[in-house]
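Asker: Sequence:
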Amino acid sequence: MILNTSEQGEDYMKQYNKLGIILGIGIVTVIIQFVLGQQLPARIIITLTGIVFALLMLKEMIKALRSGDYGVDLLAITAIVATLAVGEYWAAMIILIMLIGGDSLEEYAAKKAGSELKSLVDNSPQIAHRIVKQQQDDVKVAAVLIDDHLVIKPGEIIPVDGHVIQGQGNVDESSLTGESRPVSKQVDDKLLSGAINGDTVLVMQVDKLAKDSQYQQLVKLVKIAGNSPSHFVRLADRYAVPFTLVTYLIAGIAWFLAKDPVRFAEVLVVASPCPLILAAPVAMVSGMSRSSRNGIVVKTGDVIEKLATAQTAIFDKTGTITKGYLTVAQIKSLTELTPTELLSLAVSLEQNSNHILARSLVKYGQDNHVELQSFTDVSEIVGQGLAAKQNEKLIKVGKLSFVTAANPKLDIQQTAVYLSVDHKLCGYVTFTDEIRPEAELTMRQLKQYGVKHLMMLTGDQNTTAQSVAQKVGISDVQANLLPQGKITAIKNLTEARRPAIMVGDGVNDAPSLAMADVGIAMGAHGSSAASESADVVILKDDLRRVAKAVEISQNTMRVAKQAVLIGLFICVLLMLIATTGILPALVGAMMQEIIDTVSILWALRARGGQRHRAL
Numbered sequence: 001m002i003l004n005t006s007e008q009g010e011d012y013m014k015q016y017n018k019l020g021i022i023l024g025i026g027i028v029t030v031i032i033q034f035v036l037g038q039q040l041p042a043r044i045i046i047t048l049t050g051i052v053f054a055l056l057m058l059k060e061m062i063k064a065l066r067s068g069d070y071g072v073d074l075l076a077i078t079a080i081v082a083t084l085a086v087g088e089y090w091a092a093m094i095i096l097i098m099l100i101g102g103d104s105l106e107e108y109a110a111k112k113a114g115s116e117l118k119s120l121v122d123n124s125p126q127i128a129h130r131i132v133k134q135q136q137d138d139v140k141v142a143a144v145l146i147d148d149h150l151v152i153k154p155g156e157i158i159p160v161d162g163h164v165i166q167g168q169g170n171v172d173e174s175s176l177t178g179e180s181r182p183v184s185k186q187v188d189d190k191l192l193s194g195a196i197n198g199d200t201v202l203v204m205q206v207d208k209l210a211k212d213s214q215y216q217q218l219v220k221l222v223k224i225a226g227n228s229p230s231h232f233v234r235l236a237d238r239y240a241v242p243f244t245l246v247t248y249l250i251a252g253i254a255w256f257l258a259k260d261p262v263r264f265a266e267v268l269v270v271a272s273p274c275p276l277i278l279a280a281p282v283a284m285v286s287g288m289s290r291s292s293r294n295g296i297v298v299k300t301g302d303v304i305e306k307l308a309t310a311q312t313a314i315f316d317k318t319g320t321i322t323k324g325y326l327t328v329a330q331i332k333s334l335t336e337l338t339p340t341e342l343l344s345l346a347v348s349l350e351q352n353s354n355h356i357l358a359r360s361l362v363k364y365g366q367d368n369h370v371e372l373q374s375f376t377d378v379s380e381i382v383g384q385g386l387a388a389k390q391n392e393k394l395i396k397v398g399k400l401s402f403v404t405a406a407n408p409k410l411d412i413q414q415t416a417v418y419l420s421v422d423h424k425l426c427g428y429v430t431f432t433d434e435i436r437p438e439a440e441l442t443m444r445q446l447k448q449y450g451v452k453h454l455m456m457l458t459g460d461q462n463t464t465a466q467s468v469a470q471k472v473g474i475s476d477v478q479a480n481l482l483p484q485g486k487i488t489a490i491k492n493l494t495e496a497r498r499p500a501i502m503v504g505d506g507v508n509d510a511p512s513l514a515m516a517d518v519g520i521a522m523g524a525h526g527s528s529a530a531s532e533s534a535d536v537v538i539l540k541d542d543l544r545r546v547a548k549a550v551e552i553s554q555n556t557m558r559v560a561k562q563a564v565l566i567g568l569f570i571c572v573l574l575m576l577i578a579t580t581g582i583l584p585a586l587v588g589a590m591m592q593e594i595i596d597t598v599s600i601l602w603a604l605r606a607r608g609g610q611r612h613r614a615l
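Sequential numbering of the sequence shown, starting at 1, is according to full-length UniProt numbering.
Careful: at least some of the hints might be erroneous.
[To be verified] Derived DMTMM-like pairs (lysine to aspartate or glutamate); straight-line CA-CA distance at most 25 Å: (1) LYS409 x GLU392; (2) LYS452 x GLU495; (3) LYS399 x ASP207; (4) LYS140 x ASP172; (5) LYS153 x ASP172; (6) LYS424 x GLU371; (7) LYS133 x ASP207; (8) LYS471 x ASP411; (9) LYS190 x GLU380; (10) LYS323 x GLU341; (11) LYS323 x ASP207; (12) LYS211 x ASP137.
[Said to hold, decoys possible] Pair by pair, the computed Cβ-Cβ distance ranges are: (13) ASP207 x ILE127: 16 to 22 Å; (14) LYS140 x VAL241: 50 to 56 Å; (15) LYS63 x ILE127: 26 to 32 Å; (16) GLN478 x ASP422: 30 to 36 Å.
No lab work stands behind these hints, which were simulated from the structure alone.
The model shown is predicted, which means the values in this text are computed figures rather than measured ones.
Glycine included, each C-beta is placed from N, C-alpha and C at the ideal position.
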């Protein structure tokens, strides 16, 4: 669900203004009656205020009922009207202050996101270098037309979909496809908007307008997903109907036995549903605060309720279950060269390249103190590899087709660089996207917390995805998926497998994060688009925070339920006392302060939670 910050801010200011108005009226009426001694004007002001606010609440209640929601508003309206009808206008004022104060606190809980969110559109490519009469002209991406020729400089985001017409090099499509390895691009190869160009200049021909290109399609998917939230009943609303019925029953019996409508009002006053309105939001804010201390930003209180009852956890692979960067997996020699000698040659030569595989190999060499060798006549063929001379021998490292003209039969599923001496293949080094060490533990913890179904949705190839999933304990895997495919997989989840959590980190994950019941973005190194589309952002690069978020949410909900039930128990007890007539309406309204204090203090326990070992 996308957080609509503008609407959310308007709701918060609306409640804030209401609270300011009602407090202002309360102060004015206190002065009028108790300082100036004018009881009638104070009574008229409070009565008119109560009627206006009761009508506003009635309007909101009808609107909510039409949308399928229900809550505690009916009981609150009845309590206000009843106290005004029997002349207990100060009791009505106290009820109004408590109700609007509770609504304001609830809106604050919903607003607690930690910072303003930016639009995904703001991260779209904005400028394109168009070639006009052999000259480069910078234009807005929206002005680019089909068949235009664009220059893509090293490190730039590709602005629109098209294909290469000049140059060759590597393109990082990981934010779009989830595939961590760079993709080699040559003339006629497709280019997707949102991908990042490597270290060479490419010239492309535009195939699609900006509004129809891959990146903008992701933006549209996020918006569509955000407008399709699943229905979820809040904690307070689940208790509201039975509590309202019990209250009316007790109040009706009290009126019948006493033959006095004042008794009905006295019961309703102590039954004012402040524990429902206050306890749950206070617990939610406390749980959100505790989450923040653990490097987990939870954007709304509803998210905590969904996390606490989650049945399915869905993970992207690259950058989520894996670290998102390549590491050396195997060093294989095919000749008399030892693996150490093979590695030394490869690392020494790859120092001259800025390719992602070269950087990974050089880093591995540095970490393992590999002895470096010297070469002459070093040259790099972009997208192919490097060549150099050493003691009159030709050393090549790079793609298999580059290092040797032979066609050896090698069954290698992983990314690899090959090395040859005088065109003879001597061996290769394979790479893997290393699995996060905490991934397996995270899956076990989620199962312990009641998340029964674990899934992986990835754009990577099936063989790699299955291998990673098996190692971390995930049995349900869907691979080779584009963003649309991930959304479809989430939509197809049965009700028994909801609420569903989706965890991802890239631009390609943004639509599925928005479509899931709870989207969790690994925000430490992930894209801002993913973070903006998510309901939860993990600020620390630690997958265990996902399980921690579930644990905190479950504890928060336990505390919230306890706080609500304790408050309701006290309310029922006071209602029974009020049926005897020994509890005046004004005193009953004041008793709400005791109920509220007990409920709030209990709800604040969610801020600390149960003590577990730190992650």
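Asker: Each of the hints needs a verdict: does it hold here or not?
Answerer: Hint check:
Of the pairs offered as hints, the one joining LYS409 and GLU392 is violated, with about 28 Å between alpha carbons and a cut-off of 25 Å exceeded. Note on LYS452 and GLU495: the hinted pairing holds, with a Cα-Cα distance of about 13 Å set against a maximum of 25 Å. Of the pairs offered as hints, the one joining LYS399 and ASP207 is violated, with about 29 Å between alpha carbons and a cut-off of 25 Å exceeded. Between LYS140 and ASP172 the alpha-carbon distance is near 23 Å, which keeps this suggested pair within the 25 Å criterion.
Our distance criterion of 25 Å between C-alpha atoms is met by LYS153 and ASP172, whose separation comes to about 13 Å. For the proposed pair LYS424 and GLU371, the alpha carbon gap of about 23 Å is at most 25 Å, so the pair holds. Using a Cα cut-off of 25 Å, the hinted pair LYS133 and ASP207 holds, with the two alpha carbons roughly 20 Å apart. Note on LYS471 and ASP411: the hinted pairing holds, with a Cα-Cα distance of about 22 Å set against a maximum of 25 Å.
With a CA separation close to 24 Å, the supplied pair LYS190 and GLU380 stays within the 25 Å bound. Restraint check for LYS323 and GLU341: not satisfied, since their Cα atoms lie roughly 28 Å apart, outside the 25 Å limit. Of the supplied pair hints, the one linking LYS323 and ASP207 is violated, its CA atoms being roughly 34 Å apart against a limit of 25 Å. The hinted pair formed by LYS211 and ASP137 meets the criterion: a straight-line CA distance of about 21 Å does not exceed 25 Å.
Here the CB-CB span from ASP207 to ILE127 is close to 19 Å, well matched to the stated 16 to 22 Å. Taking 50 to 56 Å as the suggested C-beta distance range, the pair LYS140 and VAL241 conforms, at roughly 54 Å. Look at LYS63 against ILE127: about 45 Å separates their beta carbons, and that is not inside 26 to 32 Å. A hinted range of 30 to 36 Å is violated for the C-beta pair GLN478 and ASP422, which are about 46 Å apart.
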